[in-house]
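Asks: With the hints as your guide, set chains B, C and D onto chain A.
For reference, the chains in residue letters:
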Amino acid sequence: MSLEIDGIGIAFGGIKAVDDVSFTARPGEVTSIIGPNGAGKTTLFNLVSGVYTASSGRVRIDGQEVTGLPAHALARRGMARTFQNLQVFPQMSALDNVMTGCHMQEKSNLFADLLGLGPARRETAKSRLSAMAALARAGLAELARRPASEMSYGQLKRLEIARALVTGCTILLLDEPAAGCNAVETREVDDLIHAIAAEGKTVVLIEHDMRMVMRISAHIVVLDQGRKIAEGGPEEIRNNPHVIAAYLGAHGAAEAEAAAHV
Amino acid sequence: MAGQGTTTVPNGAGQTAAAKPRRAARRGIGPGLRTFLIFAVLVGLGALIFPSSYFYRVGTLVWINTLAVTGIVVLLGYVGLVSLGHAGFFAIGAYATAILPNYGIPSPLAMLAGVALAGGLALVVGRPILKLSGYYLAIATLGLGMLIWMVLSKEAWLTGGPDGMVVSGMNARNLFKLVGLKLKSAEAWYWVAGFAAAIGAAIAVNLAGSPTGRALRAIHDSDVAARSLGIDVARAKSLAFVISALYAAVAGALLALANGYITPETGGFMHSVEMVTMAVLGGASSVFGALVGALILTALPQLLTVFADYEHMVLGGIMVLTMTLMRRGLVPFIADLWTRRKS
Amino acid sequence: MTRQAVAAGVSALALLAGTPALAEIRIGASLAITGPAAFLGDPEAKTLEMLAEELNANGGINGEEVELIVYDDGADPNKARTFATRLIEEDEVVAVIGGSSTGATMAMAPLFADYEIPFISLAGAVVIIDPVQEFVFKTPHTDRMACEKIFADITSRGMSKVGLISGTGGFGASMREQCLDVAEASGVEIVADESYGGSDSDMTPQLTNIASTEGIEAIVNPGFGQGPAVVTRNYAQLGIELPFYQSHGVASDEFIKLAGDAANGLRLPATPLLIPDQLAEDDPQRQPVQDYIAAYEEAYGEKPSTFGGYAYDAFHLLVDAIERAGSTDPVEIRDALEATEGLAGVTGVYSFSPEDHMGLDLSAFRILEIEDGGWKPVEE
Amino acid sequence: MSELSQFLVSGVTVGAIYAAIALGFTLIYNASGVVNFAQGEFVVIGGMTAAALIGAGVPVWIAAPLAVFAGMLVGVVLYQLAIKPAREAPLVSLIIITIGASIFLRGAMQAVFDKQIHRYDGFSGDAPLRVGGATILPQSLWIVGGSIAVFAFLAWFLNRTRAGRGIKATASNRMAAALVGINTGRAMNLSFALSAAIGALAGVLATPVTFTSYDVGVLMALKGFSATMLGGVGSPLGALAGGLLIGLIEAMTAGYISSDYKDASAFVVILLVLFLRPQGLFGARITERV
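Protein chains in written order, with the numbering used here: chain A, 1 to 262; chain B, 1 to 343; chain C, 1 to 380; chain D, 1 to 290.
Chain A on its own, in the form it takes in the complex (with noise of 0.2 Å):
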């Protein structure tokens, strides 16, 4: 399903975080949000998966207006996200974190659950099944007992990613998802990525690595103080005399530069 963003933007105390951005994210590509830091690319992320209330603009999936529906309704619309500064449950083991994702697609009531009945079992089980098949896809299959507490930092983002796709979403939002990773780790994200992709999932990614950007990106949109400054393919942003000045700077322009050799 296609996510339109649609002049989307909210104010803190009358600082414009996010102002007037607008991109359309198609079903199979990976669309890339990149920008400096505090360029409102977190902020962006949270208007469109509902954890702040935009104050001006619209969110369409497939068409539909979604926009304001609360986080938990906009994840049963098929949405699902990882977080920046990670959010899992460190209380929880992997397998735990992971199932706990299942969550819309287990059929239980109260009743059961209660009473530790069939539907509560059962359901439990389908969960724990799908949930460690999740945890093999992103390589954490061995990690499955550990306490989340005690993963490392690339271990838990993966973990989120894990925990999202099991969720069933068909919209993949994807905050920074190889930060704290190793060369070798970074390249499984990236793979990873590119398999949720091709099954025809639309997925969102805000990166900083942008060798990994250009290359798994289909389409990337450029922010700088919160504006949409830039958007295309990645050799259009690669050449775009805007996004060097406004984005990458002085030192950026290396990095930029050394992505154009891979």
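Derived by calculation from the structure, the hints in this document are not laboratory data. Please read these numbers as outputs of a predicted model, since none were measured by experiment. Among the hints, erroneous ones may be present.
What the hints assert, rightly or not - Using 20 Å as the maximum straight-line C-alpha spacing, the simulated EDC-like pairs for lysine to aspartate or glutamate come out as follows:
#1 B:LYS184 to C:ASP114
#2 B:LYS177 to C:ASP114
#3 B:LYS182 to C:ASP114
Replies: Showing chains B, C and D alone in chain A's frame:
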């Protein structure tokens, strides 16, 4: 059921808890039933060693408190919500059980009515109150509890006022007579309270490992992440609030019947604090924490009479020390020690 | 509570270890030594300890030592019931004194019927002895009698329209109810009815309302603790001139100290304990009153309160009953207790009967007026 | 009319006491993020110490500062022994710890002092003043003046002094505060000492009107906590407004509606306000950061 393993003791009481249920799962016993059996054995053990009615009396209070505190475990340990007003729900259960028989309603029905009333009230006030967080939630629940306490103290025509009222009606002894057992009243109440606590614990453990329970525990750790997974956080919080109110009300009804007399102080601020303290002291993350907390804070004052005038200093000192040294409570602390020793 | 409590605790622990009980007369007490009713329980416990020591120094009862076991229930009925069970089951007492508060008393009461142990309550409310429970007695006047006494004084001064300002604690609420109940029969009309919380610090709004009630002639303040002292000070602050009545709940020198000059001129029903030197030579209470005051002052360096007096009477009633019973069998003690006839205590002269387990009449209550910071009996 | 003015006088006097206690809550919260349920005990320590000293013949102008100083000492000891070791503990543990500390202090006071109710004469005598149909005790003026002085001091101290800004910085980010050279340990000690002093001062000023005894601390803490949360935790202005508002609600309810439910009406107002403004009247709005 295939090993609900890691979920038996929610929110990280260590991996010891994770290992045991896996064994149980092989034998085909669910975690709820297993908890029930453990509690049943403990109730029975108590009865084996108790020399007199006095011990049964204290034992009864321990089980009733365990039941009430299990509700706090669901609310605080599972979902992470503080309530400083749950004694109010406790008192609603107790007073309904005391008042309604005076109007010709038999005790068991009165109990049910009280529990339903408490649950209904929790449902109605839960939504607005649970929008608050942290200390604001604390003052709002405190206020709710105080309001209930005030009504119970002022409406003397109904409740007997601050001096309290007699609870007439059912004696547990008669329940046992039906099946041909002759027990002293204190013993009979001990068994009833123990049974209720065991059922309550089993339900709470079942809940923890169920889809609903995972949703509740997710909110404990990250409200935002829970929402992003499609969990209706407001509804889930309200559900936990209602469930914990039901626990408190059942415990209150049992206390009213076992005591035969109640006063508004069962709904007072200090009783709310006591319930939360029991949960936190024992470890709010598991029903065993509830049991240990209830056991300590119920039995301790009986032992502290030795300290006479210094009783309060000792009690306060113990509270401060335990909470600074073992932040997650006794049961998780000991579980951690155990794990570390083993590995 | 010091030595006795320690002894009690140790003996409880000893019992845990299975040591058999000692051969002496054990008397139990569960009192509100701390908590909101501490100013009742504290002097009560002190009085009992003093009396037990004194009794043992003089050879005990019928040659047997008395061991007093005191627990602090903090006026919590739940605790009180547990301690009552403990006294009966573990400490094997022959009788129990206590329940400083009505709530604690009522929570304990059913146990004494079950175990057939006599129990003397020190709490005020009329529900304790009406209806009569076989094993339950009490020493203080009922709040109902206090109302009757006050109303009698009011009508004797030719007034009838009364305003109530009551504490919301157990004592105040119960007495308020009794006052409303007996008003009509006493020829009094309650024209204003206000209340205040036990720890409130300003009652001028309530008093303003009462004082501006049309036709009001006198004001009565049922309550105990600090509330009545605040009310009395506010009364003076507002310059209200109406006759003012307090209850027996504040009948102690402490009250005068707290209320200060504002207390002058107010009246209350009280026991003779407050006017030891003004009792007639032939007054049967003169001796016990003076004995108690002398002993208490020597033991604790302070004046006893009315509440300690309730414990004083309970202890003497019990000792007298045990002596007359010539036995430590609880049921025989109870029977002897019920047969008590004309025992002069500091609160009044007690005569129990199967129908009356308080054994006092209104004559033991005297209306006192505070004059220049001292107590003065009002001629009737 | 004279009725209304009397109700107002009553409400402001009582409210000023609540406000003073709430200001103590506010300072500790600002420094540590802890709502200290033992705050009521400081009030009692102030009152009881002053009563004991005055009872022993010490003149009030010596007894009062000594009592405040006693409160300060206990405040620092409380911080060092109970709060500091538990600094990073979750909110509910902190609630239990401070309640445990308050039970401990209550027990200690019962042992050090006694279980009697105490009072001493008002600083400027007890003869009531007549103001526009209402009567007011001179001590009430002391109380109201004291609360306003404490409020002004706090507002100045937290915003205008180096030490005060250090306290605020410590609360919002201990690490950052330490990095910019703020002695965070000293800031915490200072805030507990000052907060305890404020509580003790409230006790010293209020005792001639409200009396004191070893166990009134819980109630004081409850009222102060209510006032703090009504005003919005952390805001000195909120504490002052919350305290006065609760005092006035109680007096007006007692005067015009029913004295039976005056405490209830205060709680109803608190609940309603929080439903509409979850951060209290003057509290800062918290935005979720993800």
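Asks: With reference to the structure, classify each hint as holding or not holding.
Replies: Verification of the supplied hints:
no., hint, verdict
1, B:LYS184 to C:ASP114, "holds, 10 Å"
2, B:LYS177 to C:ASP114, "holds, 18 Å"
3, B:LYS182 to C:ASP114, "holds, 15 Å"
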